[in-house]
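**Q** Between the sequences and the hints, there should be enough to build the whole structure, so can you do that?
Protein chains in written order, with this note's numbering: chain E, 1 to 219; chain X, 1 to 219.
Check before you lean on any hint, since a few could be wrong.
Same chains, same label: a pair holds when it works inside one copy or across any pair of copies.
Claimed, not checked - Using 25 Å as the maximum straight-line C-alpha spacing, the simulated SDA-like pairs for lysine to any residue come out as follows: (1) K165 <-> D19; (2) K157 <-> F114; (3) K165 <-> F53; (4) K195 <-> F53; (5) K174 <-> N76; (6) K174 <-> I132; (7) K165 <-> G78; (8) K165 <-> N118; (9) K165 <-> H85.
If you are wondering where the hints come from, they were derived from the structure by calculation, not from laboratory data.
If you want the building blocks of each chain, they are given just below.
There are 2 protein chains.
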Amino acid sequence: MKTVTKSAVRQPPRGIPLDTIRRLSICLRALNRLKERGIATVNSVELAEPLNFSSEQLRKDLSYFGRFGKAGVGYNVGQLSGKIHSILGTDKVWNVAVLGAGELGTALLGYSGFEDFNLRVCAALDNDPRKIGKTINGVRVSDIAGLSGVVRRNEIKAAILTVTKTAAQEVAQKAVSCGIKAVLNFAPVTLNLPKGVHVSNMDVSCELETLVCRLANCN
Amino acid sequence: MKTVTKSAVRQPPRGIPLDTIRRLSICLRALNRLKERGIATVNSVELAEPLNFSSEQLRKDLSYFGRFGKAGVGYNVGQLSGKIHSILGTDKVWNVAVLGAGELGTALLGYSGFEDFNLRVCAALDNDPRKIGKTINGVRVSDIAGLSGVVRRNEIKAAILTVTKTAAQEVAQKAVSCGIKAVLNFAPVTLNLPKGVHVSNMDVSCELETLVCRLANCN
Numbered sequence: 001m002k003t004v005t006k007s008a009v010r011q012p013p014r015g016i017p018l019d020t021i022r023r024l025s026i027c028l029r030a031l032n033r034l035k036e037r038g039i040a041t042v043n044s045v046e047l048a049e050p051l052n053f054s055s056e057q058l059r060k061d062l063s064y065f066g067r068f069g070k071a072g073v074g075y076n077v078g079q080l081s082g083k084i085h086s087i088l089g090t091d092k093v094w095n096v097a098v099l100g101a102g103e104l105g106t107a108l109l110g111y112s113g114f115e116d117f118n119l120r121v122c123a124a125l126d127n128d129p130r131k132i133g134k135t136i137n138g139v140r141v142s143d144i145a146g147l148s149g150v151v152r153r154n155e156i157k158a159a160i161l162t163v164t165k166t167a168a169q170e171v172a173q174k175a176v177s178c179g180i181k182a183v184l185n186f187a188p189v190t191l192n193l194p195k196g197v198h199v200s201n202m203d204v205s206c207e208l209e210t211l212v213c214r215l216a217n218c219n
Numbered sequence: 001m002k003t004v005t006k007s008a009v010r011q012p013p014r015g016i017p018l019d020t021i022r023r024l025s026i027c028l029r030a031l032n033r034l035k036e037r038g039i040a041t042v043n044s045v046e047l048a049e050p051l052n053f054s055s056e057q058l059r060k061d062l063s064y065f066g067r068f069g070k071a072g073v074g075y076n077v078g079q080l081s082g083k084i085h086s087i088l089g090t091d092k093v094w095n096v097a098v099l100g101a102g103e104l105g106t107a108l109l110g111y112s113g114f115e116d117f118n119l120r121v122c123a124a125l126d127n128d129p130r131k132i133g134k135t136i137n138g139v140r141v142s143d144i145a146g147l148s149g150v151v152r153r154n155e156i157k158a159a160i161l162t163v164t165k166t167a168a169q170e171v172a173q174k175a176v177s178c179g180i181k182a183v184l185n186f187a188p189v190t191l192n193l194p195k196g197v198h199v200s201n202m203d204v205s206c207e208l209e210t211l212v213c214r215l216a217n218c219n
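**A** Following this line, the structure appears as structure tokens:
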């Protein structure tokens with residue numbers, strides 16, 4: 001087995017499981033921590049086990065995209081990080097808008113997790129005159145009436161939706177009409193958006209409910 | 001097919017897919033909306049399709065737990081809601097603590113999604129003297145040094161972890177030592193906790209990264 005060159009990194013075909021993509025992004029974050037500690041190589045066991053999945057799973061996930069690592073040596077941390085960035089499409093910066101500058105939007109504008117990825121939360125929008133013009137964690141809140149221009153000027157394709165559940169569907173539709181192609185939805189509602197728009201639900205209450213179900217039944 | 005009685009609702013064995021539980025909790029929320037609108041019966045297509053999954057999937061999910069609904073009539077909204085509560089273990093109220101009363105913790109103390117479930121966020125804890133004693137969205141912030149007593153007095157089994165990524169592992173371990181059995185983790189780190197503790201990661205950045213990957217590669 002030999003280290004692959006960049007050209008050998010295949011783009012994920014449509015059939016790649018979402019969980020594979022999720023695990024690779026978790027790996028990317030772990031690789032960043034290794035880089036910070038000056039660690040140059042890591043094997044699949046050392047990388048996967050602290051992340052609570054198996055080295056076999058990691059090797060299977062990576063195998064969708066080519067051959068990685070050197071037998072008996074492991075992965076070069078910097079190279080593997082670069083390749084995962086390339087697989088995930090975040091070898092370039094992605095600008096992201098937060099829709100809704102309430103408490104949750106404010107929290108996400110200061111969220112430290114984005115630092116590991118090339119995700120730049122560069123815009124916040126709201127319809128509340130008391131919020132418009134304020135700067136939250138370095139980002140100025142704009143009037144959501146001007147969403148279209150903000151999206152165009154910043155080449156924004158993805159938005160984080162943190163408006164109330166009653167406003168969520170309407171704001172999401174507006175975002176899509178302005179060119180947004182991916183929505184991370186925190187509102188506790190199911191959005192109905194056109195085909196081709198990617199939606200991921202950060203459904204805090206359902207996730208807590210699921211946890212409680214495991215507690216209630218598995219102990 | 002006939003409507004089942006409560007005794008026919010089976011508890012989920014360990015092998016039930018997590019996604020089944022998630023879909024049922026999403027259904028529960030939709031059933032609450034139907035009840036608010038005074039709708040008494042619903043069939044599997046009417047219930048499942050607005051939630052973006054198929055009626056076949058819903059019927060399969062429910063079939064793990066017994067037989068539901070009446071052929072040609074559909075489900076009684078109130079009964080199905082009660083049965084799903086029973087399946088999920090939320091036919092009783094579950095008290096939940098928020099660990100970390102920063103921006104994200106504050107937002108979650110006001111999150112409207114919990115209303116659909118018997119989840120009661122009844123405690124918030126922090127180690128910052130400027131936050132301790134404050135009341136946020138009706139919940140008083142306690143000193144995290146007194147976590148053990150708060151957990152015992154309120155019979156809390158589940159916690160939402162919103163502390164910084166550097167504090168997350170330590171605070172989660174402390175919570176587990178105080179009797180917490182389930183952690184909804186918002187910190188962008190992988191927690192290592194004892195076997196038997198349920199952890200669910202609300203990994204905002206990884207989820208956004210996964211969305212961007214789909215955007216980068218699927219268009």
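**Q** Hints first: check each against the structure and report whether it holds.
**A** A quick look at each hint next to the structure:
1. K165 <-> D19: This pair counts as between: shortest inter-copy Cα distance 22 Å, intra-copy 27 Å.
2. K157 <-> F114: within (16 Å within a copy, 30 Å between copies)
3. K165 <-> F53: Answer is between; shortest inter-copy Cα gap is 20 Å, intra-copy 34 Å.
4. K195 <-> F53: Result: close only across copies, 14 Å inter versus 33 Å intra.
5. K174 <-> N76: neither (44 Å within a copy, 35 Å between copies)
6. K174 <-> I132: within (18 Å within a copy, 40 Å between copies)
7. K165 <-> G78: The answer is between: 23 Å across copies meets 25 Å, while 42 Å in one copy does not.
8. K165 <-> N118: between (29 Å within a copy, 18 Å between copies)
9. K165 <-> H85: Answer is between: at 22 Å across copies they meet the 25 Å cutoff, but 33 Å inside does not.
When held up to the earlier numbered hints, the structure conflicts with hint 5 and nothing else.
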